[in-house]
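Single-letter residue listing:
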Amino acid sequence: MGRNASDLVVFIGKRLVQLVPVVLGVVVITFFFTHVAVQNPCAIWAGPHATQDQIDACLVRFGLNRPLTDQFWSYMTNLAAGDWGSNPSTQISVLATISAAFPATLELVLASLVIMTVIGIPLGVVAANGAGRWTDHLVRTFYLSGWATPTYLGAVVLAIGVGPVLGLPTKGDFTSTPTFPRPTHMSVVDALLALNFPAVGDAILHLILPASALAFLNLGIATRMTRTSMLEILPLDFVKTARMKGLSEFLVLYKHALRNALISTITIMGITAGVLLSGTVVIENIFQWPGMGAYAYDAITGYNFQGTIGVVIMFAIVVVLSNLISDILYGLLDPRVEWR
Amino acid sequence: MTETAPQTRNSSSRAEATLVSKAEASVLRDFLRGLLRVLRANPLTFVGFILVLILSVLALLVVLVPVVTQLLLGHTILLTPFDPNELTTDYGQPPSTSHFFGTDNLGGDIFSRILTALPLDLAIGFGITGFALLVGGGLGLVAGFWDRPGTIGGVVSLVILRVTDVFLAFPSLVLALAIAASLGRGTGPAMLAVLVTWWPYYVRLTRGEVLAVKHQPYVMAARAAGVSEVRILFRHVLRNLLEPLLVYYTLDIGTVLVTFSTISFVGIGVPLSVPEWGSMVELYRRFLQTQPWTVLSAGGAIFVTVLAFSLFGDGLRDILDPRSRRALVQAAIPSTLMAKAAAAAEA
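Residue numbers (the numbering used here), protein chains in the order written: chain A, 1 to 340; chain B, 1 to 347.
Derived from the structure by calculation, the hints contain no laboratory data. The beta-carbon is built from N, C-alpha and C at its ideal position, and this holds for glycine as well. Hints are not guaranteed to be accurate.
Quick partial rundown of chain B residues pointing at chain A, CB under 10 angstroms, derived from the structure [what the hints assert, rightly or not]: (1) Leu120; (2) Val166; (3) Phe167; (4) Ala169; (5) Ala176; (6) Ser261; (7) Thr305.
Take these sequences, add in the hints, and give me the full structure.
What follows is the structure, encoded as structure tokens:
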């Protein structure tokens, strides 16, 4: 194993192959929990006024009276054929809902990653540079506050307290349902593609609060990691050399030291994908953002099993892929890493 | 030869035992000394330490006072000023001397409700994290220590790792919500949901640490001296994992608490009749503008608790990790002193 392009391809291929058993496992676990633990979902799906006959008809219709292994097998064969099922109450296809909701969540997560990077990393540098002094204590208090604030509390305060004060929108992705086509389902991108610039502004305004809520929670991860690795790097000889050469403090910190410290920060950012996705469940629910998190919540609380499994599959794929991406970035940034 | 062998082994293990107990004492002394030094040098860690202590004692008192007074006096005395489920006639009062954190729209005393929830939330934090540490840590030890391919241990460790990978691919909150929703609303199901999702992190962490430690020369030396594998695992390997695991455990208590209260917040955890901080935030969120003390007290309780454990755990890492300890000490020395020292060295 080495460091050339073909090694990288083999490495990526291997990891993608490993994705298959992970997704299978995730499906099995979720299927088991939903189908075994919920005794009679038909009583919920058919509504509160359903008669016993209607409930029985529902059981037959969704195959819930068949043995569990049969149900699992037919679900898996459908899944393999590209049919992810549908919402039992509304008959809307799971795959259609996900393909509209997923880009919206991606947009939210990317926006919050930008906020995390732009604010979180410089804070970490400042803290490490003044380690043990008041700047360090201040930054540590700030990021630990973000860490200690439950997502829902931050989101509630931003949505009900801060939003109205600043006049920022707190619901949905546009003020009124857009009339232009939505090819990507990312609000800002769609508005840009339609060359509708007032809508672009509207979309960005709608993005600010939910993205900040998501970023605030995870700001600490970027800051803490940057601080820790900067603490290790600042006493090293090459930093002293840079200082002795008479370079400005800014260049020493942000060009020479930070470049080396960022390796671990970037790695940890990839691993936070799971945390961010968990965060979207609460944040999208509070801000009524039309993404995967809101859909996950609806599917879970509505006993929409196929929807739940669909969301979980997508989340698992994203988590595994973002771990892979962070590994690749790690390898590209650190010349000592070999693809294995 | 066969007769002397057990003797030598006995004496060597006795020598080892005294060595270990000496090392144990010095490790403990070093740790306490380091703790004191850092607590003094690092005010934030000190604050965290004190807060954790106060919260734990308070939680114990909230549980014990009613039980003890019932036993001694024959009637229960609550530590809280009001019964948490009692509805007073003061509706929606702001904080005052009679209601420290104010009252909600139905007249419930917020301070009493928050204090009553403290033992539940703390116990969940400690308990679930402890369970995850034991189960995940145990599996991680096995998976890291006996991982030679082709042996039974190798197969077992491969199975453990694959199952862990599957669980790690779930965003934990989503799986926990799915489990909690399937099992129906209640404190038990919500706890079980977090329990099921929490252990995999510890497998990863422990295994990584075991892999880093087990090829160290002192482990090889112990093996060469004929120390049994199980003994090596517990005496030599596990000992060196305690520090990172302790740090992670401390930091994680807050995270578990947040996850548990999130399940309550979205309405599928603790029933509303049981005071719990997350469900209180959910219950009061529509009053954020009109009666902000309701939401902010409940949210503040979680915030302070999680912050306490984070500050303490974060500081603990600085104490226990030699690399960041050295950097911290170096950074704490004022640069003028360094310059003086450099000048002295030159002269």
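Original post:
Where does the structure disagree with the numbered hints, that is, which hint numbers, in rising order?
Top reply: 1
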